[in-house]
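Put chain B on the given structure of chain A with help from the hints.
Number of protein chains: 2
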Amino acid sequence: MINMKKLRLGIIGYGFMGQWHNNHAGTLEEVEIVAICDTDPEKRAEAPENVKMYTDYKALLADSDVEWVMISVPNHLHHDIAIDAAKAKKNIIVEKPCALNVQEFDEMYQAAKDNGVLFTVDQNRRWDRDYCTVKKVLEQNSIGKVFMVKSSHYGVFGRMHDWHEYPECGGGMLYDWGVHLIDQMLDLIPGKITQISADMKCAVNKSVDDYFRILLYFDNGLAAEIELGTFLLKKLPRWYVAGDTGTLVVENIKADEGAIYRAKEFREALPKTVKNIDAGPTRTFSVKAEDVVSTEPLPEIHRKHNDWNDFFRNIVGVINGTEELIVKPEQVRRVLQVMELARKSAALRKSVDFE
Amino acid sequence: MINMKKLRLGIIGYGFMGQWHNNHAGTLEEVEIVAICDTDPEKRAEAPENVKMYTDYKALLADSDVEWVMISVPNHLHHDIAIDAAKAKKNIIVEKPCALNVQEFDEMYQAAKDNGVLFTVDQNRRWDRDYCTVKKVLEQNSIGKVFMVKSSHYGVFGRMHDWHEYPECGGGMLYDWGVHLIDQMLDLIPGKITQISADMKCAVNKSVDDYFRILLYFDNGLAAEIELGTFLLKKLPRWYVAGDTGTLVVENIKADEGAIYRAKEFREALPKTVKNIDAGPTRTFSVKAEDVVSTEPLPEIHRKHNDWNDFFRNIVGVINGTEELIVKPEQVRRVLQVMELARKSAALRKSVDFE
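Residue numbers (the numbering used here), protein chains in the order written: chain A, 1 to 355; chain B, 1 to 355.
These are calculated hints, taken from the structure and not from any lab test.
Small disclaimer: the values here were computed from a predicted structure and weren't measured.
A portion of the hints provided could be inaccurate.
When chains are identical, the list treats them as one kind, so a pair holds in a single copy or across two.
Stated by the list, open to error - Simulated pairs of lysine-lysine, DSS-like, Cα-Cα distance not exceeding 30 Å: (1) 201 with 136; (2) 264 with 58; (3) 235 with 264; (4) 206 with 136; (5) 234 with 201; (6) 135 with 192; (7) 89 with 43; (8) 201 with 264; (9) 145 with 206; (10) 87 with 136; (11) 234 with 192; (12) 206 with 192; (13) 235 with 136; (14) 235 with 206.
Pulled out of the complex, with its shape left as it was, chain A reads as follows (with noise of 0.2 Å):
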């Protein structure tokens, strides 16, 4: 594109995601890292050798070559730099989680706003595939009237790594994967929740959150679940979501496996004679008879998975004027209002009011 406008980003944390994003961001044409701040002379060592390097990150704010910031600092140190980068006229992405809480996010994006800049948050996982199939078979409205929807995500190693293991600089699940489960869920289902009952422990780890259960009751009638588990050491499906007339069951986040089910003999056709099966003698109730259902594969999806460029494509469309910003800051808001909310039904052992 000629005249395009290009990212011209600066690094500010230059660990695991900062590095990340210099390794993937930064082979795009349509983005350009400026410079690149650490602390650390061992994370700095990491970096490039024609991007400029800076030890304090208001230097990096300074320097007038660099028109964004991507915030990838540890998350207790997003808001102190968020605020500094507004001041000093720079573009913002932060990682996610944006804030450690909402107030905290207020304050950020305030500061944007009063001085006329960008703000948004590397929600990456709008682009992943499993989550990009689920979202097609509901627009497509291929499953019929959705009765319940469910999230989850097993893992087997049990602890956290580094700062993750800290709850004082945002370390625990909810912050680390839940930010991504309750951002994904909000997006896929419309309207207001009405009520959030959430149980969080921290079941192998001592200091944060491991396991979460998160349910989410839509004004619509939607009761939608997201759980997490780090040591939950037999997989279930990343999706399992129920329609009328069907039920679609993503296995994994790459979304090479699952499927379509529908029943071959449907509600009209009840078996007419008592079956013995596992459960015992039944007409209505049995346990999956293969015979009965049938599969349909999984919508074709157009992208590569874990491509997760496509955040940075978008922030390159807003500032060409071709796109609008796909995480708003009020989306980002309302997903750190559900966090706290579930931290508080969690507490109170109670289901909590929301919209």
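Frame of chain A, contents of chain B only:
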């Protein structure tokens, strides 16, 4: 056994369950089917020839050969017949659900106490192989401290049959199967329930519930989930129990599939390097890596699948003073309380307080 007192039973209601009891419990040496009653000539025609037949249950209740009655009529008729049976000084077995609500139960049980007769309910699924397997694993403390329990039952046919389609007869799946799944969970997990959160739907049936998810928050910190649907076309495991040293999965009611899963690399041995997996680059969290999880077979359970006659053998033991009653009226009442509060929670779309 010489001088063993038999269970001399009159069956009131010779539909599906009445016939089941005649054909199964009736074959036990310890049980004698003395009389059968049904208002429907077609059902009476199914009865064996050597048994006294009645068309009016009051006539059966007046028969002095009958010492126990099995009340296996549609759910909404249990209450009046049980009270009449108590007044006729018959010991009472009621089909599940015992009553439509706690008030009905209280009146029935009070009548039994006032008349000095025994009272129990055919909660036969306490003897299911899957449930006995889970109970044994928990009793043996095989998976450490349990932090999550799921009991799920998914069917594919969708609709109900016969009177189960009508709310006024006590139709729907909470009464039909929920009563079993709740009874099992209360029997499995000690302690008080502090909070109940439920979602219930008429997903593919018009007038009765055919989907529910009930969360029971116990005072020991555990949140147990019970989920059932008649139109969930991909089966999930019947039981999923997560502990801090392993995971138990019982795939089906027959309990001939499933395992105890253990991590080979435990928390201390988190992989040192970042791995690129389907979920993205990660250390802590990953979708299941087969090579780090080992499996153990489910424990041996020395009972036949679906030999529900153990329920009747227990009553014979009670009659002969060798056993305590296993299905206690107080337990039956607590299950009905949970069912009432689950309905209330689902209607309010809020969690509700319990014990």
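A quick look at each hint next to the structure:
1. When the C-alpha separation of residue 201 and residue 136 is checked against a cutoff of 30 Å, the pair qualifies only between copies, where the shortest distance is 25 Å, while the shortest distance within a copy is 33 Å.
2. In the homo-oligomer, the alpha carbons of residue 264 and residue 58 never lie at most 30 Å apart, since the shortest distance is 64 Å inside one protomer and 46 Å across protomers.
3. Taking the closest pair of Cα atoms, residue 235 and residue 264 come within 30 Å of each other both inside a single copy (28 Å) and across two copies (16 Å).
4. Taking the shortest Cα distances, residue 206 and residue 136 sit within 30 Å of each other only across copies (28 Å), while inside one copy they are farther apart (39 Å).
5. Taking the shortest alpha-carbon separations for residue 234 and residue 201, both the intra-copy value of 18 Å and the inter-copy value of 28 Å come in at or below 30 Å.
6. For a Cα distance limit of 30 Å, the shortest separation of residue 135 from residue 192 inside one copy, 18 Å, qualifies, whereas the shortest one across copies, 40 Å, does not.
7. When the C-alpha separation of residue 89 and residue 43 is checked against a cutoff of 30 Å, the pair qualifies only within one copy, where the shortest distance is 26 Å, while the shortest distance between copies is 84 Å.
8. Taking CA atoms no more than 30 Å apart as the test, residue 201 paired with residue 264 passes between copies only; the shortest distance there is 22 Å, against 41 Å inside one copy.
9. Taking the closest pair of Cα atoms, residue 145 and residue 206 come within 30 Å of each other only across two copies (14 Å); inside a single copy the shortest separation is 42 Å, beyond that limit.
10. With identical chains, the CA atoms of residue 87 and residue 136 are never at most 30 Å apart, being 40 Å at best within one copy and 63 Å at best between copies.
11. Taking the shortest alpha-carbon separations for residue 234 and residue 192, only the inter-copy value of 29 Å comes in at or below 30 Å, while the best intra-copy value is 33 Å.
12. Taking the closest pair of Cα atoms, residue 206 and residue 192 come within 30 Å of each other only across two copies (25 Å); inside a single copy the shortest separation is 35 Å, beyond that limit.
13. In this assembly of identical chains, residue 235 and residue 136 lie within 30 Å of each other by CA distance both inside one copy and across copies; the values are 24 Å within and 23 Å between.
14. Taking the shortest alpha-carbon separations for residue 235 and residue 206, only the intra-copy value of 23 Å comes in at or below 30 Å, while the best inter-copy value is 34 Å.
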